[in-house]
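Number of protein chains: 4
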Amino acid sequence: MSKSIKKIGVMTSGGDSPGMNAAIRSVVRTCAYHNVECVGIYRGYEGMMEGDFKPMDARSVKDIINKGGTVLKSARSKEFRTPEGRKIAHQKLMDVNIEALVVIGGDGTFNGGLVFNKEFDFPIIGIPGTIDNDIFGTTHTLGFDTALNTVVECIDKIRDTASSHNRLFFVEVMGRDVGHIALNAGVGAGAEEILIPEENLGLERLLESLQRSKRSGKSSSIVVVAEGDKIGKNVFELKDYVETNLDEYDVRVSVLGHMQRGGPPSCFDRVLASRMGVKAVESLLEGKSNYMVGLINNKMTLTPLEQAVKGKTQIDRELLRVSEIMST
Amino acid sequence: MSKSIKKIGVMTSGGDSPGMNAAIRSVVRTCAYHNVECVGIYRGYEGMMEGDFKPMDARSVKDIINKGGTVLKSARSKEFRTPEGRKIAHQKLMDVNIEALVVIGGDGTFNGGLVFNKEFDFPIIGIPGTIDNDIFGTTHTLGFDTALNTVVECIDKIRDTASSHNRLFFVEVMGRDVGHIALNAGVGAGAEEILIPEENLGLERLLESLQRSKRSGKSSSIVVVAEGDKIGKNVFELKDYVETNLDEYDVRVSVLGHMQRGGPPSCFDRVLASRMGVKAVESLLEGKSNYMVGLINNKMTLTPLEQAVKGKTQIDRELLRVSEIMST
Amino acid sequence: MSKSIKKIGVMTSGGDSPGMNAAIRSVVRTCAYHNVECVGIYRGYEGMMEGDFKPMDARSVKDIINKGGTVLKSARSKEFRTPEGRKIAHQKLMDVNIEALVVIGGDGTFNGGLVFNKEFDFPIIGIPGTIDNDIFGTTHTLGFDTALNTVVECIDKIRDTASSHNRLFFVEVMGRDVGHIALNAGVGAGAEEILIPEENLGLERLLESLQRSKRSGKSSSIVVVAEGDKIGKNVFELKDYVETNLDEYDVRVSVLGHMQRGGPPSCFDRVLASRMGVKAVESLLEGKSNYMVGLINNKMTLTPLEQAVKGKTQIDRELLRVSEIMST
Amino acid sequence: MSKSIKKIGVMTSGGDSPGMNAAIRSVVRTCAYHNVECVGIYRGYEGMMEGDFKPMDARSVKDIINKGGTVLKSARSKEFRTPEGRKIAHQKLMDVNIEALVVIGGDGTFNGGLVFNKEFDFPIIGIPGTIDNDIFGTTHTLGFDTALNTVVECIDKIRDTASSHNRLFFVEVMGRDVGHIALNAGVGAGAEEILIPEENLGLERLLESLQRSKRSGKSSSIVVVAEGDKIGKNVFELKDYVETNLDEYDVRVSVLGHMQRGGPPSCFDRVLASRMGVKAVESLLEGKSNYMVGLINNKMTLTPLEQAVKGKTQIDRELLRVSEIMST
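Chains as they are written, first to last, in my numbering: chain E, -14 to 313; chain U, -14 to 313; chain W, -14 to 313; chain H, -14 to 313.
Hints may be right or wrong, so weigh each one.
One copy or any two copies: either way a pair holds, since identical chains are not told apart in the list.
Cross-link-like lysine-lysine pairs, in silico, DSS-like; alpha carbons within 27 Å at most [stated by the list, open to error]:
id, residue 1, residue 2
1, K297, K284
2, K203, K39
3, K295, K284
4, K215, K39
5, K199, K47
6, K199, K215
Keep in mind that the hints were calculated from the coordinates and are not lab data.
In isolation and in its complexed conformation, chain E is listed as follows (with noise of 0.2 Å):
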């Protein structure tokens, strides 16, 4: 290892997700080991132009394993999108001899630490922090686990409601453009059917499907939609097409909403962050730049940042094909 890199910053972009502070704490003491200093950078970019920067030792991360959010808080920022923003950004960076920078969060921050880099040259390291498993180059991003066990929990009780009462239940999840935590947690919840971006069931054939259900015996259902189905209603649309289309159907919405980026994280997800942060650091001391580390096949790899940003990932499609046989 080269290790001519003395001092390594870190930070959280985006949206939070749990596991961002096991991936701080990873980062922060993977540097130790290594004798190298780290500088916390708060609120993101946003905090780097303000020169928000905090030391941090290895002492300084214990007990923030199994805690959700980001102890180095996270935000938007409308100016680093600018050169001028860039420029003072780097400046403040400079002022204090960071050489290298790890950055955790989604796409955006991701867009941000390339452009950064190409002006600046600045080294750059991507860890995968959202719960979307939106991001191309890992099978699971830091979060999504989590988030996969605080929806099927939700899920859980839901249907001790659903079961007792004969209902039907649309529960929305997180998930705007991507359909992965609708249709795992709808598999792992049992949910009769899954509405999620990628595919579009259409409207009649949910009304048969719920149909075929209660035909089959099912006195109660569950199902999952994610924020950005494109069945073409929201969810409370949704619920009022059935009843209206359908005799007997006592139909309920419930909106899971933000509780599901925070909570402690999973055991999985505790491991992938430890995982990732060494890998991260160790990749900038051996003077990688502009990738972004993942999990492929149980592994530790690097992705280019620039196919990270621009890769899709793909739903799953044996696991649409588990659905729907698992709503026999």
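Based on these hints, arrange chains U, W and H on the given structure of chain E.
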């Protein structure tokens, strides 16, 4: 104990709540203990009119103490509100020699029971099962404690995100007419402000409170809002109002919804349900009728059903004051 | 309120329990509300003698209401049991003008406080913090409710395995001298038998009970055992005894151990802690001393510390009877 | 798909693990989807020899996806290890026209299946269900992910107490021959040291590590120990050894025990179980036999049962290194 009663029916009615299954189990086992037959009545008064009955012995209720919802299901019944409906129901009970009832539910359930008792002099004991804690004659209804834990766990997760982004969240919890859930869970979750039906804080004082909170150095805030609060705006309108009237507030809304009714009951609710079931059956066996079982001063008590239905619970003024001090 | 007191110290001592942090937060914020300074004393009496103090303002206790353990740490102190030790401690308090104390802990903590008060006429109010619920003067100690939930969740998991394999499990829970945890969690977890220090079921009757349980059709059983039960054998000896004396029993042992003391407090414990902290500080400000704050009949009460220390809590006989009926 | 098979039997055997019920549900529903009859075999090979069978249709497996344990129960069978026993079992299957088997369990289960297949040329597909993750041919066995979450949640609670009292805890987790649970949960829980069967850290290096940990400013420590670690002392002897050889260490032991096997499965395990059930049934319908279904590189795979039984899983060396860096 007179034990002239040979067969007791048990049913759940109205909205389900965690602990109902534990109460059913207790009723069934207490009957078995006293060598009294027990019959489960499905879907409340609706199933009673249909004769949807099932004999239950001690083994039939194993492994349900920790399940949310109600294995006897619940339903609303319009027909039971008519004298004809109740006559049919009574005949169905007579047909299988059910001589007394334990009804688990809330106000509506008890009202139905009162009328039924008046018309047919049929022995009835009520068990208060509702998460809202809005029944007079008991400090805790079945499911209230579990719902509080569910709500604070959700808000703990939301706070992770609120803190990470320096945001203000309005979190709507159940409680159309009473603020018990909002007040207790609000204090438990460390909410900065709590809006309940029993008090109208007023929009201006809410703004003042939020501004004071920010000045005091709080970077994020949670406001817990009961469904039925009297501030004059729903939770989404509140968001707009605050964003319009206060600068630099990033406001989000989360409506917790039906998951508050489900989930495995807390130990408190399981113990309470076990005690209430014993008290209900033994009260019937002692020849008592038209009472609701309750918990007062940690002891099992009986309150006339009529009082239970007419009486109003009061919000805990001391706790309101505690909540104000805690948001210092 | 007289408010002649200008500075209050707060500390935790003895075994930690969930809710201690919520109580510290409440003490600190109530002081802030009344414009009284508050000082955190680390590691109980040990830290008091070392002058290990930290001023605490309202913001310093944010985000701890939902944390188990105690941010002020806890320790045992031999030296404080000597007059010399207490003199040093008193001097340290005088040095920084601490005029009154809120001590959070159990019997040992209160005994220390009583002696200290006697020697120096130092105003002290106690808050009962222990999972054992063995303090006279309150129906619930801080942490008891949380520990019960932890125990029933563990036993729910153990029952999955017990049911799958038709096994008998002895589950040991905390409680050296009192059986409150065992009795309540035993009823909550649907245990077939509960062994507590207050009752000696006797080995033969245990065998009879297990055989009766099997005859009645139960395929698996859970026996909850308090650490300090008086049956004459520890939990591993019980296993051997049962396997020797009963045919075809596959017996397992699980000792739940220290996890019972930790974890995020339940809503109940958070609310209780918040109320107790307010009552403790305001009692001091009203000139009271040598009392323990308690919960009786859902209201905040004061019990003379001497009574709290000497008094014995009683096992709930009615609940014992409920547990017997439930194992029908 | 040939679909010449008309009836499939499904059973669970060996230690239970979370996700087994989800796998049973998936097998049953996949059969229903393909119009193949499905029969549940109770208590593994033991029940097979007794003809303890129950036809299962799609509705019979509702509401079990989220339950720990196995509704088909599990048992060990000595008799099945004899040719006579297996002959009886085979006859029982023939009697009801079961033509193929899905067996869910671990090594022992698969060995039984292999012999049975050899003797009667009976089509068998295995699903790896065990929390230990010690089966070759899959990166995750059913229940492993859930057990990891259970363990880290327990250690999170223990850490509350450890931190409050500046203590050292030895926490024993399951894993007689393999350290997968200890290593992953150890990293997830932020353990300072992890002792596994695959590595012998040595007693002296353990002492050194603990001392280094203390010098580095850590006030409390968690050491995770797999049941089968090779350090030469059990977890209680370790406590004594450390207390004898290191000054001022307050050491505690916690043996997590059987609760690690139970509880509602994580979303990961539910999805995995659903996928495995589909793959198992469809493999049989395609005429395949003697394979184990597995997850490799996020895809469903088939590994010859013989390899699955003989192969050894390897501890993840990269993760061991991560754990060392994390304890900096």
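These are the hints, each one checked on the structure:
no.: 1; hint: K297 to K284; verdict: both (20 Å within a copy, 19 Å between copies)
no.: 2; hint: K203 to K39; verdict: between (57 Å within a copy, 20 Å between copies)
no.: 3; hint: K295 to K284; verdict: both (22 Å within a copy, 24 Å between copies)
no.: 4; hint: K215 to K39; verdict: neither (44 Å within a copy, 42 Å between copies)
no.: 5; hint: K199 to K47; verdict: between (52 Å within a copy, 14 Å between copies)
no.: 6; hint: K199 to K215; verdict: within (24 Å within a copy, 40 Å between copies)
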